[in-house]
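Visitor: Could you build the full structure based on these sequences and the hints that come with them?
So the sequence shown is numbered by full-length UniProt numbering: it starts at 1 and just counts up by one.
The set of hints was computed from the structure by calculation and includes no laboratory data. Errors might be hidden in some of the hints.
Stated by the list, open to error - The calculated PhoX-like cross-link candidates involving lysine-lysine, where the alpha carbons are at most 20 Å apart (straight line), are:
#1 Lys114 with Lys39
#2 Lys820 with Lys751
#3 Lys157 with Lys114
This one's a predicted model, so the numbers in the text were calculated from it and none came from an experiment.
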Amino acid sequence: MATMDKLMKALEALKVIQPPSNAEDTVGQKKKEMSTSVKDKILHCSTIADAICSPSLRTSADFPKVLGLAMDTFLLCCDDENSDVRLMADECLNRTIKTLLDSHLGRLLVELFKEIKKNGSARSLRAALSRFGDICHLMRPQKCRPYTVNLVPAISKICQRNNEESVQETLAVVINKLMPVLGQFANDKEVKILLKAFLPNLIVSSAIVRRAAASSLTSICLHSRRPSSFFSWILLALFDLILPVHEDHSVYVILGVLLCLRHIVPHLSEAMLTPNSKGNSVIQNEEEMVVTKEQLLKVYELVLHFTIHPDHNVITATLETLYHLLKCAPKVLQQELMSPFGITKSLIFDVPKLNRAMSESQCSMVPSVASIDESALEDDQDIFVPDKRINDHVSYCDDEVRSNLDPSGDGSVSLDGDSEDVSDSSNSKLKPFNDDMSYFLTDGAGSSISVKKMFLKKGASDENMLDTDDEFGGHSASSSPGPLSKCEFKVGNVGTFTDQDIPLKYCTRLLCSSFLLTGTPGYLIPDRNVRISVKSLALGCLSSAFSLYPSGFFLPLHLGNNSVDSDITDEQQVWDVILYSSHLDPHIRGQICVMIGSFLGHALREAGGWWSKWVDSHGQSGAPPLSCLLSKILSIVQDESSVASKLGLVGLKQCLNPLLNSLDALESFPILETLLKVRSNSYWLTKVELTELVSSIPYKIVHYLESKRVSGDSLSINTCYQDKVLNDILIPLLGDEDVRVRQASAVAFSKLISNLFYPIDHLNKDAVIAIAKQAIDTYLDVSYKGSLQSSLPLVHALVKPFAVHDSVFYNPVIDAALSKIINLLVNTLRMCTNRYLIYGCCHALCLLSEKFLVTVFPETWTAVISNFKMENFVNETPESSASNPQDGNFGSTAKLNTDLICSLISFVTNTSLCLDLIAHQYVLQLTGNLLCGIWYKYFVENHKNSNGYQQDVKPDAYISFITGKVFHHLMKVLNIFTHVLEEQYPFPASSRSALPSLPNAPSLSPIKRKSKLKDELPPSSNTIKGSPSKSTG
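Guide: Written out as structure tokens, the structure reads:
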């Protein structure tokens, strides 16, 4: 009970830091706080934590109550003015939760929830929220529903604290942890309460709060029981905030809506394919809601509309949203964007209020935040609509803007009613715009206007369209290859959203004309006009657009001169964006490489591998040839900048395989030569991309092309790129100092097996036959199940590697390639002295043993193991024979089979590899798989030799000895982990003798010592009889 007394005294002493119950106690409270020093608070917190974590106290009947007091005290101390006290309270809270997590999880959750419901100080609330989120996944299913009911109003109150960024940021992290656990237990009304609580935070001035709200809203919808319905609901709510667009909306509202759309868009495709759960709707007559095509088109039109916004933050958010929308576009949106009939009407102008296809109960957006009571749970609250000022400016489609067009048709353009003209429209030159520059659009009604009759957004810029003599200076590389003395902007018609043509054409022209191209052939918009970050995002959007519509690469920048017979020398084409490959910024160079790779990959697939015919079908004789595009990619891959080189490999990965399968496959040899040089790049992400790229190359096609090149050119030398990739790229990268590079290289080996080609393993040593065979196996599902190898396990329904499913089957071609790769890795492991290379080889072998099971390919694994012989284990043979008398009957071949396992055990016991826990784990996993393979083969062979009688199988002595060594090491590792997790300190072995120390020389007589002991010992009836000392007495 001494521990309980210490605990109660510490709790009583720390009560002085609790806030006073009323204002009259404030003076006394401050006096008590002064009397309690910082050192005392830290000491009391440590005392409470030690007592609570003590096993002796947990048996007390009052322990749950005391635990509640301790948790409350720790959370209060987390809000102390002194940082040292807060740090100690935080540490004690972590230690208490970690120690009592297994035995008192329910009580810990209750105490944390009490603090969340209290909604007190920011520090205490964040401490409770973060820890509740960390352990909520351990909650019992029976408790999920009660916690859901109680947490919803508590979270709704916390959402109102939108002026505290740290609280909202922590809440967003916790929501992303809570919703996967509790989302399925929330009904529709509770989900809507949460959505309504977070929606107002989207329009606040703080970017952190807006990000937190967008992340939380997405997580709530995604993990609910009806994701499609709630994604549709949140889209309608966002449209209410932003539509109609011709009204003057706050920049914060626009940024919040775009940010939320950016988070939602990647999940819409999956949500539309996943059916909603039934029986969860509270309102029985409510119509089922799903994400519709109209909503997707609204999102698409919104992001295109805001690309011309004067605020660069809005433009950045818009391009990010557009990138995700094009990259993750649902099928229904892809069909609309590729439709030759175009989009018939605009959906974001003149939208009537509340004209939405949903029930009255869904019109509420924000509950009453004064108090969470029964009335707040109803769905018939008023709609939350932010205050909107009436737009004093004329909308983009207003007649006043059209009046600025020069009716004479001579190309003069008026800005904001100014009458200053710009003569000679075909070569009109603009003074550089600001970042809020918007580009040229036709009227929203879709009227046909000549190229020279264009207008600018009213109020976009006050600068006149005059000649400029500014030099490009440092931005010369980002401009055109032509004269750099002037920047020529040419006004042109880029189309409208409602054109009766493929909608992606307008999107492509709008992006290029707004952020990338000037309209004059060979000229690019300088960096002083458009930010580099905006250009990078625009190029990313173009990459996604070309993946859907590769023909957009051949579009003219402006409408009106797209005839085949027309002279295009004075008209800039979209393909001029490849001039950014010489830009000074490495991100821009990398992004243009990604764009070219995306375009080439999808174009070659669309063309069926016939590039020249596909290009001719577009009637563009001046388009850059394939060799030019590939040369630009290769120049960026070999760039001095690691960032550009990495992005170059990303672009190359998108087009290399389609190129190898095309008629122009011989163009790939310079690419393969370049890849062999990239290995020396020091950037780890470049190395990772390189390993992913070389592991996806179909080496059957490469071998066929090599043979064709040698037969067609007598001077050509047959270069085996497959062997060079293995020996010059992947093996050296296995020994890289960066663990991420080693991991990527090990994964590449496991992916590479099915792509390798060794002629000796295929019929007639022909790559074409091998390719045809692989295509038959892939598309006609003709596998090798039950073929030459009848190596399925004897016992099913076990763990890996004995649990073999129907999807795992034996393939002799895979077996042959696997054998060669394992042999390469084992030989490398045997001869290397670099510890990083040892780590990498063990990792690669481990992944191979997990993917290509030792029970499916037993001959390959045991055959390679038998070839591995380590000289440092020759000395272990006599020791093993001495400790195992039956070892004399074991053949030398079986001993060699286990040499690799002995070496692996030596690595984790006698070398520094044991200190690297990740490498240690891979070695132990590989050792276990190899042991399973050895035992499995031994049982199979004995089963065959014993004619099916399992009782005749005798355990092998040497294999049993090796297994014992493995288990001995595993027990040591488990013992170490147990001590670490339970914070137990092992007692060191005592070097002193167990005998008591001898007295000085005069008292060495045994008779005197015996009589002294008799005098000291009290008489007892339990004296042990028959002892030597008593028998002599």
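Visitor: Do the alpha carbons of Lys114 and Lys39 lie within 20 Å of each other, as the hint requires?
Guide: 28 Å, violated
Visitor: Keeping to a limit of 20 Å between CA atoms, is the pair of Lys157 and Lys114 held or broken?
Guide: 14 Å, holds
Visitor: Measure nothing beyond the straight line between the CA atoms of Lys820 and Lys751; if it is 20 Å or shorter, mark the hint as holding.
Guide: 14 Å, holds
Consistency with the previously given hints fails for number 1 only.
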